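Asker: For the record, the sequence lines run as chains A and B.
Under my numbering, the first residue of the first sequence carries the number 1, and numbering increases by one thereafter.
Under my numbering, the first residue of the second sequence carries the number 1, and numbering increases by one thereafter.
If you are wondering where the hints come from, they were derived from the structure by calculation, not from laboratory data.
Treat the numbers as computed from the prediction; the structure is a model and nothing was measured.
Even for Gly, the Cβ is constructed at its ideal location relative to N, Cα and C.
Incorrect hints may appear among the rest.
When the alpha-carbon atoms are kept at most 25 Å apart in a straight line, the in silico DSS-like pairs for lysine-lysine are as follows [claimed, not checked]:
#: 1; chain 1: A; residue 1: 204; chain 2: A; residue 2: 189
#: 2; chain 1: A; residue 1: 320; chain 2: B; residue 2: 99
#: 3; chain 1: A; residue 1: 326; chain 2: B; residue 2: 99
#: 4; chain 1: B; residue 1: 29; chain 2: A; residue 2: 298
#: 5; chain 1: A; residue 1: 252; chain 2: A; residue 2: 56
#: 6; chain 1: A; residue 1: 321; chain 2: B; residue 2: 210
So the derived label-pair ranges between C-beta atoms look like this [said to hold, decoys possible]:
#: 7; chain 1: A; residue 1: 254; chain 2: B; residue 2: 150; range: 52 to 58 Å
#: 8; chain 1: B; residue 1: 180; chain 2: A; residue 2: 34; range: 47 to 53 Å
#: 9; chain 1: A; residue 1: 223; chain 2: B; residue 2: 24; range: 41 to 47 Å
#: 10; chain 1: A; residue 1: 354; chain 2: B; residue 2: 52; range: 54 to 60 Å
#: 11; chain 1: A; residue 1: 10; chain 2: B; residue 2: 312; range: 19 to 25 Å
To spell it out: a stretch of chain B is covered by chain A in this simulated footprint if at least three of its residues, at any positions, have a beta carbon under 8 Å from a beta carbon of chain A; those stretches are [unchecked claim]:
#: 12; segment: 92-98
#: 13; segment: 101-110
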Amino acid sequence: MFGIEISGVNIYGSVSTAVMTVGLWKLFEKCGQKGWWALIPGGRYLKLGECAGREKDGRICMVLELGVLLGEILSGILDIASRATERIALLLALGSLVFLIIQWIQEIKVYNGLCSTFAMGKRWIFAWILAPFIPACLWGFGERYKPVNLGRTADEDHLAGTKPAELKAGSAGAHGGEIPAESLVIRLKERTVNDFFKKRYLLKDISLTIPNGSMTMLLGGSGSGKTTFVNAITGYEKADAVMLLNGRDIYKEYEQMKYRIGFVPQQPLLRMNDTVNRTLEDAAALRLPTSVRPAEMKERVRNVMDTLGLTAGQHGLVSKKSGGMKKRISIGMELISDPDLFILDEPDSGLDGVIARELFTRLREVADQGKIVITITHTPDRVIDLFDYVIVLARDSGRVGRLAFFGSPAEARSFFGKNTMEEIVMAINRREEGGEGRADEFVEKYAALRDDTETAEKDGSAVKEAAEDEC
Amino acid sequence: MNAELQTGVDYTRLHYRGRISQIGIYLGKLIRMFVYQSDWKVLPMAALIAGLVTFAVGANLYKTQEGTLQGSFALVCVCIWNGFFNSIQVICRERPIIKREHRAGMHITSYIAAHMIYQMILCILQTSIMLAVCMLMKLKLPYEGLVTPWFLTDLFITLFLITYSADMLSLAISALVRNTTTAMTVMPFVLIFQLLFSGGLVVLTGTALKLTDFTIAKWGLKGLCTLGNYNARPMVALWNTIFKFRDLELLGYKPIGMIMDEIQNRDMLDEVLLASGQYNQNAAYVYTAENLTGCWIRLIGIGALFAVISVVLLEFVDRDRR
């Protein structure tokens with residue numbers, strides 16, 4: 001059956017491809033995609049990936065299929081052109097084989113996602129691999145095969161039915177109370193990486209809302225995922241999550257939102273052989289909209305330099321400045337665009353107590369202007385009085401970064417039963433790091449507390465609605 | 001403060017610096033680096049190397065076939081060396097900064113374009129210095145150009161294109177590697193590949209010969225030899241080799257010595273050397289404007305290719321681990 005050929009044409013191959021194309025056409029339409037994508041080699045995988053909620057895998061499949069196709073064409077041309085090029089043709093064929101194997105692996109991922117979308121058993125994956133035209137036709141034309149998890153997005157999956165729109169002002173916050181319109185809403189289900197085809201979790205289940213005008217400290221031991229977390233918030237390393245800043249989705253509107261987010265890295269990443277004022281002027285030119293006039297831009301640079309105490313040495317080279325000054329320049333580069341969300345990764349590392357305190361006081365002033373400031377620090381107690389909230393991330397026994405607490409510093413002391421922030425960090429740190437190894441305990445305790453709060457809120461709302469109905 | 005900087009505005013309507021505008025920002029930065037970071041040191045270095053090469057191989061350059069080939073090869077080496085050193089570290093040394101700026105709205109194309117312009121200026125200066133040194137050391141050059149009316153202009157363009165395409169190759173390496181140590185480790189290997197596969201001094205066959213098409217050295221050497229009218233130069237290697245056998249005795253005579261003496265006595269040496277040159281024609285170095293412009297186009301193509309590769313490689317800078 002597989003080998004039937006008429007005039008050199010493989011009948012089975014041609015018929016199965018044609019049937020599959022028709023099936024995929026209908027399947028795409030069911031998923032709200034354009035059916036004609038089924039006709040395009042490579043393109044069909046792209047759309048199949050979208051239907052399966054596996055866009056990335058679909059894209060890889062598309063590239064690989066095109067690669068295999070190109071390899072086959074080149075092999076054919078070389079074969080016709082000359083027998084002397086046999087070695088090159090063989091090399092191309094080997095390359096195609098490698099592509100094909102990787103493509104199969106990616107296809108399995110896509111088919112797996114497709115099974116989830118159509119709520120079908122995983123055994124269908126075999127059918128998709130061995131004879132894809134059968135499931136394509138069945139799922140495309142069959143009435144009982146419907147995509148039930150279509151458009152699977154992070155919010156739907158991980159916010160228990162809460163859509164992003166509902167996360168805007170007026171909806172219930174994860175940490176109790178109404179979500180203010182001007183706030184940072186974080187709903188992170190997971191942040192994973194692939195290690196040799198194995199999914200490894202870096203962060204899991206972090207849900208909180210930070211109002212504007214607040215300063216938040218991010219605490220956690222080494223490897224708890226603090227930097228990964230802030231990278232996920234900024235959209236720089238996207239997670240399976242929804243991040244809303246003042247009602248706007250950071251991930252979906254990243255190109256615009258990236259200018260509203262300031263991120264100061266741990267190391268002051270500056271060109272040492274440039275002057276302070278030119279460094280800030282260039283940062284302003286890069287980060288400010290074109291509608292800002294040059295005079296206004298210069299004024300803004302001057303203001304930032306005044307705010308951060310950089311005016312005196314503005315014409316000097318960055319390399320000649322002290323560590324504290326370099327930190328301030330680094331902060332100034334981000335502050336210049338007046339971001340709504342300002343994240344700093346250990347801005348006080350290498351600074352003495354007085355200078356660090358002064359730096360945080362200036363950051364408090366920034367927060368008081370209605371901005372959200374989130375700071376990672378390893379010396380929390382000297383400046384904790386300046387902060388409104390504390391986020392505690394802990395690395396659980398599965399080596400995954402989890403939320404162990406979010407609330408005010410006073411609530412944190414009470415929750416952990418500790419007097420200082422450093423003691424809190426010690427409590428969640430692993431024993432081999434000299435800590436108490438109680439991360440799992442606090443993660444579970446906080447999760448239970450959060451569930452209780454949400455249940456109480458729902459009950460309260462139900463009682464309130466019932467009372468209103470009775471009235 | 002500008003109203004658009006305040007919250008509550010429609011961010012989607014805001015526009016930020018485009019690619020062209022960003023080129024200006026980064027070009028300004030690079031020019032300041034040139035002054036403050038002592039990047040100007042590459043200029044006296046170019047003069048020094050040019051001086052050494054002129055001293056060593058300048059005497060026979062564009063006089064004999066061997067001198068032309070060796071001198072051209074030396075000039076190609078100098079150009080590739082200069083190009084490599086100009087940009088081998090420029091990207092990798094500030095990779096974390098690029099990553100930070102990329103997330104703040106920097107366009108990689110603008111960044112590379114700024115480097116391309118800056119490196120072009122640097123290469124023009126280096127080539128000018130090289131030629132000035134050659135002139136100062138009284139290197140005798142032909143007058144007539146092949147593409148332009150002046151030989152010096154053609155030579156300048158050829159040397160510049162070799163330097164610039166090597167510079168772009170080096171820029172691509174700098175965009176590929178993560179730090180300066182790796183860059184400086186990789187560089188010698190690429191340099192050896194360039195020189196070995198130039199197809200000039202080392203005789204290559206088969207697949208190895210095909211590889212020469214991908215080297216800057218091949219097209220540079222071909223360009224310089226074409227420009228120097230290699231095929232019209234006398235060949236001295238044959239005479240020098242035969243000269244070693246002048247005392248060879250056959251039947252009580254020294255026939256080779258006798259013939260050589262006769263040639264010299266009749267003042268026919270130049271004629272013989274030219275004639276031997278005629279029997280040592282190299283089709284690759286045929287003295288036509290098309291041949292030279294073909295080399296220029298290939299050098300430009302190689303430079304452009306590596307510039308594109310630099311952009312593509314640097315687009316992945318976000319994936320760098322901490």
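Asker: For every hint, state whether the structure bears it out.
Answerer: Hints, one by one, checked against the model:
1. Annotation: proposed proximity of residue 204 of chain A to residue 189 of chain A holds, straight-line Cα distance about 5 Å (limit 25 Å).
2. Proposed proximity of residue 320 of chain A and residue 99 of chain B is supported: the alpha carbons are some 23 Å apart, at most 25 Å.
3. Note on residue 326 of chain A and residue 99 of chain B: the hinted pairing holds, with a Cα-Cα distance of about 18 Å set against a maximum of 25 Å.
4. As the CA atoms of residue 29 of chain B and residue 298 of chain A are separated by approximately 17 Å, the hinted pair is consistent with the 25 Å bound.
5. Between the alpha carbons of residue 252 of chain A and residue 56 of chain A the distance comes to roughly 16 Å, so the proposed pair stays at or under 25 Å and holds.
6. The suggested pairing of residue 321 of chain A with residue 210 of chain B is violated, with an alpha-carbon distance near 54 Å, which exceeds 25 Å.
7. A hinted range of 52 to 58 Å for the beta carbons of residue 254 of chain A and residue 150 of chain B is consistent with their spacing of about 54 Å.
8. In this structure, residue 180 of chain B and residue 34 of chain A meet the distance hint of 47 to 53 Å, their C-beta atoms being roughly 49 Å apart.
9. Our hint of 41 to 47 Å for residue 223 of chain A and residue 24 of chain B holds, since their Cβ atoms are close to 43 Å apart.
10. For the pair residue 354 of chain A and residue 52 of chain B, the beta carbons lie near 56 Å from each other, so the given range of 54 to 60 Å is met.
11. Remark: the range hint 19 to 25 Å for residue 10 of chain A to residue 312 of chain B is contradicted by a beta-carbon distance near 38 Å.
12. Check result for the segment 92-98 of chain B against chain A: holds, 3 residues qualifying (beta carbon to beta carbon below 8 Å, three or more required).
13. For the segment 101-110 of chain B, the stated coverage by chain A is satisfied: 5 residues place a CB nearer than 8 Å to a CB of that chain, which reaches the threshold of 3.
The structure is inconsistent with the numbered hints 6, 11, although it conforms to all the rest.
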